[in-house]
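*Asks:* Construct the complete structure from the given sequences, taking the supplied hints into account.
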Amino acid sequence: MKFRPCIDLRKGKVVQIIGGTLKDSDKTLPITNFETEKSPAQYANMYRNDELTGGHVISLGSGNTEAALSALKAYPQGLQIGGGITPENARTYLNAGASHVIVTSYVFSNGKIDLAKLDTLVRCVGRENLVLDLSCRQRQGEFWIVTDRWQKFTDVAVNEETITHLATSCDEFLVHGVDVEGKMQGIQTDLVELLGKYAPIPVTYAGGASRFSDLETVKTLGQNRVDLTIGSALDIFGGSISYREVVDWHQKNS
Numbered sequence: 063m064k065f066r067p068c069i070d071l072r073k074g075k076v077v078q079i080i081g082g083t084l085k086d087s088d089k090t091l092p093i094t095n096f097e098t099e100k101s102p103a104q105y106a107n108m109y110r111n112d113e114l115t116g117g118h119v120i121s122l123g124s125g126n127t128e129a130a131l132s133a134l135k136a137y138p139q140g141l142q143i144g145g146g147i148t149p150e151n152a153r154t155y156l157n158a159g160a161s162h163v164i165v166t167s168y169v170f171s172n173g174k175i176d177l178a179k180l181d182t183l184v185r186c187v188g189r190e191n192l193v194l195d196l197s198c199r200q201r202q203g204e205f206w207i208v209t210d211r212w213q214k215f216t217d218v219a220v221n222e223e224t225i226t227h228l229a230t231s232c233d234e235f236l237v238h239g240v241d242v243e244g245k246m247q248g249i250q251t252d253l254v255e256l257l258g259k260y261a262p263i264p265v266t267y268a269g270g271a272s273r274f275s276d277l278e279t280v281k282t283l284g285q286n287r288v289d290l291t292i293g294s295a296l297d298i299f300g301g302s303i304s305y306r307e308v309v310d311w312h313q314k315n316s
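All letters in the sequence shown, in the order written, are residues 63 to 316 by the numbering used here.
Hints should not be assumed to be uniformly reliable.
Distance condition first, Cα-Cα at most 27 Å in a straight line; then the derived BS3-like pairs of lysine-lysine [to be verified]:
1) K214 with K75
2) K100 with K135
3) K64 with K281
4) K75 with K135
5) K245 with K73
6) K64 with K214
7) K135 with K174
8) K245 with K214
9) K174 with K73
10) K100 with K64
11) K259 with K174
12) K174 with K214
13) K281 with K259
14) K100 with K214
15) K314 with K281
16) K281 with K245
17) K64 with K75
18) K75 with K100
19) K281 with K214
20) K245 with K259
21) K314 with K64
22) K64 with K259
23) K64 with K174
24) K214 with K179
25) K259 with K75
26) K73 with K259
Derived CB-CB ranges, DEER-like [unchecked claim]:
27) K135 with E190: 20 to 30 Å
28) G125 with A219: 13 to 23 Å
29) K100 with A158: 33 to 43 Å
30) E113 with P262: 33 to 43 Å
31) K314 with E255: 22 to 32 Å
32) A178 with N157: 19 to 29 Å
33) E113 with K135: 34 to 44 Å
34) D181 with N151: 12 to 22 Å
35) N157 with R201: 33 to 43 Å
36) D181 with P262: 13 to 23 Å
37) N172 with H227: 17 to 27 Å
Don't read these hints as lab results, they were simulated from the structure. Quick reminder that beta carbons are idealized off the backbone N, C-alpha and C, glycines included.
*Replies:* Right, dumping it as structure tokens:
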């Protein structure tokens, strides 16, 4: 199991928000936990110096292209990039240093998996450079993939069948527990267990981490097969969990 770092971007700034409050309209502002003048490249350099790989840069809306590229160039092959990825722009980010592109909305249309678009994307970037984002919300006892700033439910459940099927078309999964993401109220343990049980490829869980012990919780529930991202709860993003202690734990356990 590994700790995966993150750089979330809004309007070119490094932020931490409650993801479920992000809307398409700029008139409705998301709930922001943290914003800094520290540059994306500075965070990328810190992760590079601490030898943390497989972290993700997420563009939350427009106005983030230059900020994202600066982070990728500061840590070549050390970070993944997500947010508005299409076959038309994916190569730009890979050429700038991204190890993978992260995709959700592009491969879903009308609430279903668009296999033609998925095939196009795989041909464009290669399965080895693709991460599928299966971020989900719970409804009627199951987890359902959500798209469009996590506001729209698809009819695709995160279960053994879906995970096994999609794993043949990508290198990794990224899964935000959207109902708890950014709230620092605890991880969705049943989702972590599900991912640890069924994911045949690397998978990273994000959402709700609030204490240092969540690392061990995810390691146990995910059968040492689910990596963890911690955002708002880290002291480098204004939280209380020591980033340095997390790095030390990662170095001992990965």
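*Asks:* Need the list of violated hint numbers for this structure, in ascending order.
*Replies:* 6, 7, 9, 14, 19, 23, 25, 26, 28, 29, 30, 33
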